[in-house]
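4 protein chains.
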Amino acid sequence: MTERFTPTPEDKFSFGLWTVGWQGRDPFGDATRLPLDPVESVQRLAMLGAYGVTFHDDDLIPFGTSESERESHIKRFRQVLDATGLVVPMATTNLFTHPVFKDGGFTANDRDVRRYALRKTIRNIDLAAELGARTYVAWGGREGAESGAAKDVRVALDRMKEAFDLLGEYVTEQEYDLRFAIEPKPNEPRGDILLPTVGHALAFIERLERPELYGVNPEVGHEQMAGLNVTHSVAQALWADKLFHIDLNGQSGIKYDQDLRFGAGDLRSAFWLVDLLETAGYEGPRHFDFKPPRTEDFDGVWASAAGCMRNYLILKERAAAFRANPRVREALRAARLDRLMLPTAADGLSGLLADRGAFEEFDVEEAAERGMAFEALDQLAMDHLLGVR
Amino acid sequence: MTERFTPTPEDKFSFGLWTVGWQGRDPFGDATRLPLDPVESVQRLAMLGAYGVTFHDDDLIPFGTSESERESHIKRFRQVLDATGLVVPMATTNLFTHPVFKDGGFTANDRDVRRYALRKTIRNIDLAAELGARTYVAWGGREGAESGAAKDVRVALDRMKEAFDLLGEYVTEQEYDLRFAIEPKPNEPRGDILLPTVGHALAFIERLERPELYGVNPEVGHEQMAGLNVTHSVAQALWADKLFHIDLNGQSGIKYDQDLRFGAGDLRSAFWLVDLLETAGYEGPRHFDFKPPRTEDFDGVWASAAGCMRNYLILKERAAAFRANPRVREALRAARLDRLMLPTAADGLSGLLADRGAFEEFDVEEAAERGMAFEALDQLAMDHLLGVR
Amino acid sequence: MTERFTPTPEDKFSFGLWTVGWQGRDPFGDATRLPLDPVESVQRLAMLGAYGVTFHDDDLIPFGTSESERESHIKRFRQVLDATGLVVPMATTNLFTHPVFKDGGFTANDRDVRRYALRKTIRNIDLAAELGARTYVAWGGREGAESGAAKDVRVALDRMKEAFDLLGEYVTEQEYDLRFAIEPKPNEPRGDILLPTVGHALAFIERLERPELYGVNPEVGHEQMAGLNVTHSVAQALWADKLFHIDLNGQSGIKYDQDLRFGAGDLRSAFWLVDLLETAGYEGPRHFDFKPPRTEDFDGVWASAAGCMRNYLILKERAAAFRANPRVREALRAARLDRLMLPTAADGLSGLLADRGAFEEFDVEEAAERGMAFEALDQLAMDHLLGVR
Amino acid sequence: MTERFTPTPEDKFSFGLWTVGWQGRDPFGDATRLPLDPVESVQRLAMLGAYGVTFHDDDLIPFGTSESERESHIKRFRQVLDATGLVVPMATTNLFTHPVFKDGGFTANDRDVRRYALRKTIRNIDLAAELGARTYVAWGGREGAESGAAKDVRVALDRMKEAFDLLGEYVTEQEYDLRFAIEPKPNEPRGDILLPTVGHALAFIERLERPELYGVNPEVGHEQMAGLNVTHSVAQALWADKLFHIDLNGQSGIKYDQDLRFGAGDLRSAFWLVDLLETAGYEGPRHFDFKPPRTEDFDGVWASAAGCMRNYLILKERAAAFRANPRVREALRAARLDRLMLPTAADGLSGLLADRGAFEEFDVEEAAERGMAFEALDQLAMDHLLGVR
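Residue numbers (numbering that gives the first Met the number 0), protein chains in the order written: chain A, 0 to 388; chain B, 0 to 388; chain C, 0 to 388; chain D, 0 to 388.
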């Protein structure tokens, strides 16, 4: 195996405790793996070359743990972080596993559940801040409905806004250096989930009291569950300066949430996503939110985790070679990507309106005949991806 | 047939000229119907009880028409509007049929095509304003790509913003009482289209220079082509005060764009959408953007158009009865929709933090045991939809 | 509530123990309901008007139960069947919950797992026969793969055939009056499942040693998870004399397996399916394989179960009225459904070849102009479904 | 560019005239390219290294051509075939473009349309046989419906069977060495198409009078439009000895029919499909049924056609290397693919029933603990695909 695809902390790869620690419980089957001690997860991930580890409150401290036990869990975790050098760039809240959240957290119909969800979140925000996290992810997996009258969506969005505004107020008051990243998902476990795509989440953020505190955490597979081009959605998030974090994994089309290792599923999409992240100057963690298939034992778990990073590095090398190839640059010009960079009307509205060449004398038929040369360009990309160039 | 489902102009139903006028050309087949004279379309729609008619520039004035012929087309159209009393609440631009737009209009890689697209749009905005339209729809069906390097999405969004800002500047300068409604679609005819969902469009609008001038025009089938709950997306648009227009039709799941008559496809979704529009105080036109199947002759075309309106009126009556039924109100309370309306923390952040009942002393297990009573509520809705209550 | 939609055993409604007994464990959440005693399920279902109850071996007798305990479970079950009059028209095997089946049952790569799966199945076939079941359902939910090399599909189909042939041999030797119904599903819990649609299962059956013993058990939602028209698939199964059983439920498009109550999800599809079953003379049980949403307590569970039957009965009444309406018959003639019933070439190949009117002198343009009158027909169906006619 | 990926006729690549000849007309846009003379297509494809060319009757001889002109079209085509050495391995009928087929060909409600469709097919079968074709493809793209009552599916299947039986009788009588390959598609241009998947088509064939004459022609994108694993469907067709032909192209998930060049869309799926075809001994043509995007001029068309073949050859090399790698063989053993090849019960039913180790004494927990080692195996495949091994 080529050493050049061996990760190091400089690559900024991070993993959720719940990923390698997933026991393989699915809608039709019981756990196939034993629980994994978070300490072991951190040690293993460090050995594999990871940079960071992330967690839901309940991943680290089982739901219902007493206050004193809680401290000992945290202490052990800190120790292994210190020992391995792994950082905690992000944390998040589990507002979905316990049955109390069956109708949601921030938008549950029951007010007391909403208050509880907020307090549970705030408690973990304190821990996240203590551990140095700079991003707090919010996935509202239970905020949704299976039937039409069960949720008044406009009212639910009021409650969602209220919740995020309160959290924003809290981190501001506490002077935490922490921003929120909202993670969209179209469905599963709810029939329809609120803020189903990156677009819906970006739009929602603009209605918050402190919009600057909030961005998105797109997950590859979630956007693909809506049949969307995840690279396009991530690009729009970057365009809006809102890509605060990213969840990398794999998905084979529109179906249940697969959480395959990164690179599995839609490989060409993974290539373009890496190309975008690397060329756009995204500096956050490359975070893997995947589930090693429940067919695997722990050897398979670590093989799967290593594969995520390896695939990222291969794709990164390939994308860089693609961008550096003079023939590619020529092909990009042939496809007029350079023209797309020109303002359409540097001459302003009045210039545009006065320009007879723009309309009255524009030779539409001539313009229509120009080929865009996209197929040759895309084949060059394919060649680079496949390593035959 | 019950008279109560016979439409009148007060119902505010409008149709695009391109809907009843669709000739049945599809990717695998030639036209099955002759062209329809816009004048006849207006007359027929008026007879059926419609309120308004809408158009793309090229629907009314064939592409390439000379200036003098153009005036005569417009004159005939005005005459039939006057004769029938139909209004023109909306107009839009065809930036997709002619091959010059094969790589897009506002975001085509070629700058001259972009300039042409803007001028073509501006010309039709003038006509729209003259005819009294208050909404100008922009569907960027060709703004997208089939392959990864063919479009730099962030740059394309810059061009899209530039285009909409120029158009906003234009209508402001002209003092037109006209607002823009962006129509999202995930794909088809491009592999992926920019601003693929209502969410993406809402988010984009916030980055424009005059965001107040822009809203969305959700189309039922377009949102459903991404597997999304269209009622949820429309609700989010309403929540953001951005539902400027709506395109009603039918779609049977995630596949090619079907444009079935309203009510066909996902009937329950249609019910909830009508319920939302009618209870949220949406006052714009109920606009049908459908295609009578190419199996139909003109009798079928008018039957299909009549069916759109009839189904809306049936669903409107059923939704009203649902909301008025005391048992439904009781069921809504049993499902705690009234609690969702309460602020989560009227006591503010400090109150929430100080409330031990919210967290430390909250009886999670008790709360988890409460049933949400959604199935009984949903069955009541089904009963009302089916007219058995 | 109208009494005419109250079910009786004559309606032949049956439920799986696992449906009302589902505890609400999903990929992201723990159980929200306590286990339900099968005896209580039978009593409740009987009170609601059901005719039959079905089970996986492990629903009735928890996995790992000792032989003596097993007998007492069976005895209690028999007693409640006797007391309530409910029958057991179908049984099936759980080859998916226990981790031993993580790579499948009949097609697991491990031979000993395959043997175990067969023996587990045979043991429950004995019980099914004892309890009078006439149909044995086989859902191979774990027979599949997430990655390309993990399963050699052709070899796996050999193993699948071997398994079904052995089971056919067994029931033949035992002289059980029992036939098998294979239940297809495209994915979930595996990335791709073998025999993913009704078509694939029907084709597979033709390669078995005793094809007459095997048919299909289409599930509404499973076929819809592949975006297919479930009524069409059921029609093809009926056409092939292979509709041995059916699983009724609801699904909202292509996403995770929802198992909504019958009528929820795609209501128009449910209407056409009931129309087909009732007009095609299907005499088997109307079996509900649904999951009451995990938001519900037990009141919600029973409301949901009752809703399944109620919706079937409403749709049955509506479909019958549709077929009986003289205007509908006229519309069917206008759409030339009567012509579809005529043989295309009662005159045989030679007659067809000799008929100049069929080709050389056929007036293609005239034929092309005929409208099919499908929209008027479909609106009549809509009117009947909505009860406005 | 590496010469090893340059195609030769030995690679058996064939193209439809309608592929490179597609003018770019789509549901929202007019043609972007001029018609292509079939003679030029054949010459160009020969220069690119193709082996064969295929056609619909109307591709070669425009619909409505007189008999004498027809002969001259055929003559020119024969001449260019002779000159270039290209063969015609397959032909097919266009039963979808002309409006007369708006409700189908073999299953149109109108009997005279059905007769015309059969005669049109038979005429082209004669030509196909003359030109040496061995396979006659039947894609029933218009056989379907948009609404529930418009087609009685069981009756339509009777008509479909009648049509194929007549065609089978015809080729038998004529002693043509020609077999039929049915091409399934789930939808588009009809809302739902009959025989929507490879499975449905395979099942249908078993009900024909001469089943040995019929197989399937799976199209990559068609199967993927139903979210199915196309490699699995092709494997089932091979398992049934029914893979008579194959249509290679690309598709990006569940959406409209994209017909991207082979390799585009789901690249990993393409890899596994090539692996299957090459290891299963499929000897038919590798036929490309793609559409060069309408953004392209003719340079782009030929680049796209060349890309199809190039990608196939790259994937073929990579798949061969994967299968030859000793580490892969070891990984396959670790994943127990060798065990899947063993009969489950070489000892027969009685042996299985008597084997206490198979059930009573089987250590379920031990078996459940075994990891399947699929992730390591899949990463090896990824490494080979990406050329880093």
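Calculated directly from the structure, the hints in this document are not laboratory data. Be aware that a few hints might be false.
To be verified - Partner residues aside, some chain D positions facing chain B, computed with beta carbon under 7 Å: (1) P61; (2) G63; (3) A333.
What the hints assert, rightly or not - The following residues of chain B were derived to be distant from chain A, with all beta-carbon distances above 12 Å: (4) K74; (5) K101; (6) A116; (7) R158; (8) N228; (9) D274; (10) E374.
Unchecked claim - Not the full set, but computed from the structure, chain B residues with beta-carbon under 10 Å of chain D: (11) S71; (12) K254; (13) A345.
Yeah, the Cβ is synthetic: ideal placement off N, Cα and C, and Gly gets one too.
Hint check:
1. P61: 12 Å, violated
2. G63: 12 Å, violated
3. A333: Status violated, d = 35 Å.
4. K74: 22 Å, holds
5. K101: Check fails; 7 Å does not lie beyond 12 Å.
6. A116: At about 9 Å from chain A, A116 (chain B) fails to clear the 12 Å cut-off, so the statement is violated.
7. R158: At roughly 6 Å from the nearest Cβ of chain A, R158 (chain B) sits no farther out than 12 Å, so the non-interface label is violated.
8. N228: Its Cβ does come within 12 Å of chain A, the nearest being 4 Å, so this is violated.
9. D274: The claim is violated: D274 (chain B) sits with its nearest Cβ about 7 Å from chain A, within 12 Å.
10. E374: 8 Å, violated
11. S71: 24 Å, violated
12. K254: Result: holds, 5 Å to nearest chain D Cβ.
13. A345: 45 Å, violated
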